[in-house]
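Given these sequences and hints, build the entire structure.
In the working numbering, the protein residues as written are 173 to 1053.
One or more of the hints may lead you astray.
What the hints assert, rightly or not - DSS-like, lysine-lysine: derived pairs with alpha carbons at most 27 Å apart:
#1 K997 - K909
#2 K438 - K467
#3 K669 - K734
#4 K398 - K438
#5 K997 - K1035
#6 K467 - K446
#7 K259 - K316
#8 K1037 - K433
#9 K470 - K433
#10 K650 - K660
#11 K398 - K367
#12 K258 - K244
#13 K726 - K650
#14 K567 - K669
For the record, the hints were derived by calculation from the structure and aren't laboratory data. Just so we're clear, the structure is a prediction, and the values are computed from it rather than from any experiment.
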Amino acid sequence: KRNGKTSLQTFFPIELYKLNKNMLEDGDAPIAASPINDLEMSGKDLIGSLGCVACHYIDKAMLGPSYNDVAKKYDNSDESKSYLIKKILTGSKGVWGERLMPPHPHINEETASEIVNFILGLDLLPEGEYLPGVAIDFFEIGTKLERQPKLLPGQDPNVSQVFPDILFQTGNPDIGWEDQVTEDFLHFERNFVMKVSAYLQIEKEGDYEFRFIADKGGTLKIDEEKIAFVNNIPYTPWQGGDLSRFDRFASYLGKEPEVGKLTGEKFLTKGFHKIDIDYYQNLLTMALILQWRKKGEKKFEFVPESVLFHEPRDIKPTSPGLKEIYKLEAPGHGGDLVSVHPSFDLMPARPTSFQPRVGGMDFLPNGDLAVATWDGEVFIVSNVSSGDPSSMSFKQIAEGLCEPLGLAVANGDIYVMQRWELTKLVDQDGDGITDYYHAFSDDWSTRPDFHAWGFGLTYKDGYFYTNTGPALGPYNKKQAPDAGKTLKISIEDGSFKAIAHGYKAPNGIGVGFGGDIFTTDNEGSYVPASKLMHVDIDNPSEYPFFGNAYVLGKKADGLKIKPPVVWTPQNEIGNSPSEPGILHVGPYKNQMIMGDARHGGLKRVFIEEVNGLLQGALFRFTQGLEAGINRFVWGPDSSLYVGGVGGTNDFTWEGKRFGLEKLTYNGKPTFEMLAVRAKNNGMEIELTESLRIGDGAAPQDYLVQQWWYDIDTEGGIKQELENLPVKSVSISPNRRKIFLEIDGLKPDRVVYITFVNPVLSAENRQLWSSEVWYTLNNIPAYEGTVEPTNLVRVDNNLSEEELKDGWQLLFDGKSMSGWNGTNSKKEPDGWEVADGLLSGLASGNVILTESVYDNFELEFEWKLKKGADGGLFFHVPSTLS
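Set out below in structure tokens:
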């Protein structure tokens, strides 16, 4: 391979191919579906299940080289394979840089051999050599798709394989959509994305026209040029590849401008041309069809299999589960926040060249910041509070640690939580570099398996607290008895005691509300959604069980599960929660926050105790940071220092991999929900500022839902989701509290509340976020006060307070009084007043106010019909023609 010679097996490794039987007709020859796709748990799947993806992408270097680079560097000889197997088992350093590749004692030689065979197989075909068929990735989204979504980076597809052509459709127009045949789409039925990657072989150069049909929608690119696109096709009963039917529908749909541009043309030279298709499906009928013709020809034909090819590298590793997209809703109002909280200033806390994947951090007595990286190193960052990267410096003081995910400073000494050990770093000669790695505590049982990490480290009153993770993945059937627990470790002698158990992936521990210990766990087996939990250190006999039975197995049957303080609805407000902790500033003092490594940012939690259990409200708090937040610590300057992390697949936020910044409270007001409290007859919302008079005063201004989670499900599936009508709205005299009277609240539910209509504060500030998720473990005995407000905003009317403030009506809901047409025409044409609305007709032109306004505040509500044109213009001359 290195000298350019190519053998037959290099071209067509049949033994690595999987057949796509769904695309074969009777009598057809099998079509090769994808290289290296039928290894089951061999090779491709192993790199995901064993955690290799934390350090290597297939096509991009991370901590280690990309697998493609490894495949190019080494040939397929037995000597190369033996060498690489040994590197995996025993570790190495220096081949791809100075970073240490740790040993992998949990991988045996047979498993390592399968991984090496997969990696070297990536380079079986030279660059530019193609195989028949098109490569297609399927991504299951699980949320309604009304337009082309954008996938968050770093996610594996659910399915990745080869199809012979680009002709997919549901088949029978004579039956309902719910019974449509979906075999073409591998039985994906709704809310999914397909990404098509192919090469089109052209034998004769010339102008080619393409017709692209995507139901519900999609985009066609050739050589990165957008040729055609479709937006949300309406219900269309496709039928069995009937070309005349396609012609008829394409002709009809092509006349609808909102549907998109179904046809396009491009001059193509002889050779191969790249095809990229992004397709999305919501529900009802489905089709994805590509046709072509040479310019001047009358009939479109399906692009034949004989001219469609793909690269083996376009077939990717897969993983189950729902995939994430960039939210289409407004930030904070159904969609993720995108910026930093207005009450905080964001500044860098690292030199530019320092790019840590933060596993733990804490401040030393002299104000320096100690940072442990997931890569196995510890650094000291000096002058970190300056906010000026050019004045900061960093120094490595330790290396070779095994995936440290916790660091704490106690009595001036640095302690690091490695995978299986709490290590004290000892500098024996005073040069600042660790000379002795003291195994301070390691007597708990462990196994060298994937995800069996030590998660987090916090210190309080003579004790360290940390979490241990159970092994995950199909090969990890055995569990260490001490896995999935919270450990309390004495600083006196390193002795430990387990004080909580039943975790799946507890990547967070910290001191929170009331000075107690709080932990987080990640969605998965026995954890239907991620959650924040309370460990009562003042009640040592409690030993709470949080539900995951990986370690106990059948012994967990009958154990009482302690409910979480808050559930984190999957992908709505969280995905992979990390460190929890307390807020010390502003109106949020004594509330909690927690990071999220994949959803990003910080979430805020208001907590109250009801009937002996903690429960509370979960709010969006801030985004706009360098990476998904893994750890944070309060600094001596009262700033919050946040450390980011990122890997591959399901452990990255927007593809980011590192970060270290600080958030400083600036005292600027932010209008948002400060707290939500449960009452016997409803829910009370407390705001940071007074509500503007008339806003949020009607029951229809709110949406309230409740549901519960089943421990035997995954993926955040909501059980018995129901809407709860708001009976009445009571607003306190200072307009800082809103009580929603609600019937039907049930314990052990998550209650979701959102403002349906926009609201402003008395200072005209917009609501930072309109949503809250309250975990209602218990319903309290005390009731909320029901005094329904009569200060409801009425369309085309002003309240007494608004009149006092100088507001004027521009439209009284009854007439065109106060409005002129162009050229000062007193009776404008093309407008009508009906049902309290001022509506422009198709023949309507611009209308202008009779009065002239200079400095003003303006408030209005309007709606545009789909496809209509309109606008609002300020400071227009009254003589406008």
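Each hint, compared with the structure:
1. Taken as a hint, the K997 and K909 pair is broken in the structure, with Cα atoms around 49 Å apart against an allowance of 27 Å.
2. Annotation: proposed proximity of K438 to K467 holds, straight-line Cα distance about 9 Å (limit 27 Å).
3. Annotation: proposed proximity of K669 to K734 holds, straight-line Cα distance about 19 Å (limit 27 Å).
4. Between K398 and K438 the alpha-carbon distance is near 10 Å, which keeps this suggested pair within the 27 Å criterion.
5. Between the alpha carbons of K997 and K1035 the distance comes to roughly 25 Å, so the proposed pair stays at or under 27 Å and holds.
6. Annotation: proposed proximity of K467 to K446 holds, straight-line Cα distance about 20 Å (limit 27 Å).
7. Taking the CA atoms of K259 and K316, the gap is about 46 Å. The hint is violated against a cut of 27 Å.
8. For the proposed pair K1037 and K433, the alpha carbon gap of about 21 Å is at most 27 Å, so the pair holds.
9. Our distance criterion of 27 Å between C-alpha atoms is met by K470 and K433, whose separation comes to about 19 Å.
10. Annotation: proposed proximity of K650 to K660 holds, straight-line Cα distance about 24 Å (limit 27 Å).
11. Our distance criterion of 27 Å between C-alpha atoms is met by K398 and K367, whose separation comes to about 15 Å.
12. For the hint pairing K258 with K244, the CA-to-CA distance comes to about 19 Å; that is within 27 Å, so the pair holds.
13. Restraint check: the Cα-Cα separation between K726 and K650 comes to about 14 Å, which is no more than 27 Å; the hinted pair holds.
14. The suggested pairing of K567 with K669 is violated, with an alpha-carbon distance near 35 Å, which exceeds 27 Å.
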